[in-house]
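Novice: For reference, the chains in residue letters:
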Amino acid sequence: MAPESLGQIFLAAVLANNFVLAMFLGLCPFLGVSARLDTAFPMGIATTFVMLVASLCAFGLNLLLTMFQLEFLRLISYIVVIASAVQLVEMFLKKTSPALFRALGIYLPLITTNCAVLGVALFQTAREYSFAQAMVFSFGGGAGFTLALVLMASVRERLQLSSVPGVAQGTALSLMLAGLLSMAFMGFAGLGG
Amino acid sequence: MSEIAQARTFDEFMEGIWRQNPVFVMVLGMCPVLAVSVSAVNALSMGLATMFVLVCSCGLVSLIRKIVPKEVRIATYIVIIATFVTVVDYVIQAVSLEIYEALGAFIQLIVVNCIILGRAEAHASKHPPLTAMVNAMGMSIGFVIGLFALGAVREVLGAGTLFGFSLFGPNFQPWVVMVLPPGGFIVLGGWLLLFSALKRRKEVRLAAQGGGHGA
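First to last, the sequence lines map onto chains B and A.
Under the working numbering, read the first sequence as residues 1 to 193, first letter to last.
Under the working numbering, read the second sequence as residues 194 to 408, first letter to last.
So that you can see chain B by itself, here it is in the shape it has in the complex:
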C-alpha cells in the first residue's frame, strides 16, 4: 500500500499533478469541449462520474484478476468496464437532460477514449492504492479535470471578443493558452508530494 495520506493524494491529483495540464491526459475533450463554459462544466462532471465508477470497478477487477493470476487481461477488462460506464452515463443524460446530451454531442461517447479515465484506473493499479486512496485519487483527478476545463473555457470565452491574428486562430491559440495555464499550474509542483 502506498504511504501517502488521503489529503496529499487529493491535492496532488487536483493541482500539482493535474491530469490535463501536468500529465497530458484527456486532451481531446479538453480542446474540443472547452469553447463554451456551459458545456465545459457538465462535461467535467460527467467525466468525473465516469472516473469514479471506473476506478471502483477497476479496483474490484484488479483484485479478481490478481487472484486468478490473469494480469495480462487487465487492460482489456478495464476498457470494457469503462465503455459500459460511459454507456450508463449516456443513457442517464439522454433521459434527464436531452439539451445537454445534444450539446455534448460526439464528445460524450468519446469519454470512453478519454485517457484520463483509463489513466486513473492504470495509475491506481500501478501505485497500489488502497480502496479509499483509489476513490480519493479518482475524485481528485475528476475535480482537476473539471477545474482545467472550466478555466480554459472561461479564458476562451473572453478571447472570442478580442481580435487575434488570423494565423493563430483555432487550435494553435488554444494550445498556447493551455501552455500558459500549464505553466501557472507548475507553481503547485511539490504540493501534496
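Any given hint could turn out to be false.
Incomplete in silico selection of chain A near chain B, CB under 8 Å [claimed, not checked]:
1. Val220
2. Ala228
3. Thr269
4. Ile271
5. Ala275
6. Ala298
7. Leu302
8. Val369
9. Leu373
10. Gly377
11. Leu385
12. Ala390
13. Arg393
14. Val397
15. Ala400
16. Ala401
These are calculated hints, taken from the structure and not from any lab test.
Just so you know, even glycine gets a beta-carbon here, dropped at the ideal spot from N, CA and C.
For chain B, the structure is supplied; the task is to place chain A on it using the hints.
Specialist: Leaving out everything else, chain A in the frame of chain B:
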C-alpha cells in the same frame, strides 16, 4: 488500370503523411504526443509502438468488417486494439526496460489513442484489408513524423541534446521549461502556427494565380 489503382493506393498512403496528418492537421491523439515527446528517442519508440498497433488492428478490423454487427462494432474494435496494445506492452518490456520505464503508463494508454479508433471506424471498417493497412501505415508514419518533430525540438531546446548527443557544448543553458509540460503545449502550438502560416501563404498564392488566369 493498374496504374490508376497504384495511384490510388499511393494517395491513400500519402493522405496520412501530409494532407490529413494526425498530429498537425487533425490534432488527434494529443495525449501521448505531448507526454512522451520529451526526447527524440522516446518519441520515436512511442511512434513505432503506435504504428504496430494501428496497422495490425486496422488490418484485423477490416478483415472482420462484414461479420461484426453494427451495434457492437465499437466494443469489438476496442477489444481488438487492447489486445494488440497488451502485446506491444509486453514486447517493449522484454526489449528495453529503460524505454518501458520512460514511457510508463503511456504504452497502455495507446488503447485510448483517438487516431486508432478513429481510423478503425472511419476507414478500416469500410475498406478491404490491404487498402486499410496501407492507409493505416501512412497515418502512423505521419504520426511518427509529428511526434519526432515535437520530440526533437523539445530535446534540443530543453536539454541541448539530440538522441542524447550534446549539440551546443557545455556552455549551453538548457531551456528547462521545454521539457516540462508547458513546453509540450507551446511547441505544438508553434508547429501549428507554422503550418497555418504556410497554408495561408499557399492560399494567397493560389488566389493570385487564379486571378491572373481570369484576366
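Novice: Now look at each hint and say whether the structure bears it out.
Specialist: How the hints compare with the structure:
1. Val220: holds, 5 Å
2. Ala228: With Cβ-Cβ at 4 Å, under 8 Å, it holds.
3. Thr269: violated, 11 Å
4. Ile271: At about 5 Å, which falls below the 8 Å cut-off, the nearest Cβ of chain B leaves the hint on Ile271 (chain A) intact, so it holds.
5. Ala275: This hint holds: Ala275 (chain A) lies near chain B, its Cβ roughly 4 Å from the closest one there, short of 8 Å.
6. Ala298: At about 5 Å, which falls below the 8 Å cut-off, the nearest Cβ of chain B leaves the hint on Ala298 (chain A) intact, so it holds.
7. Leu302: holds, 5 Å
8. Val369: Because about 10 Å separates Val369 (chain A) from the closest Cβ in chain B, which is outside the 8 Å limit, the hint is violated.
9. Leu373: holds, 6 Å
10. Gly377: holds, 7 Å
11. Leu385: Holds: closest Cβ of chain B sits about 4 Å from Leu385 (chain A), inside 8 Å.
12. Ala390: holds, 5 Å
13. Arg393: holds, 6 Å
14. Val397: Hint on Val397 (chain A): violated, closest Cβ of chain B at ~11 Å, above 8 Å.
15. Ala400: violated, 14 Å
16. Ala401: Because about 17 Å separates Ala401 (chain A) from the closest Cβ in chain B, which is outside the 8 Å limit, the hint is violated.
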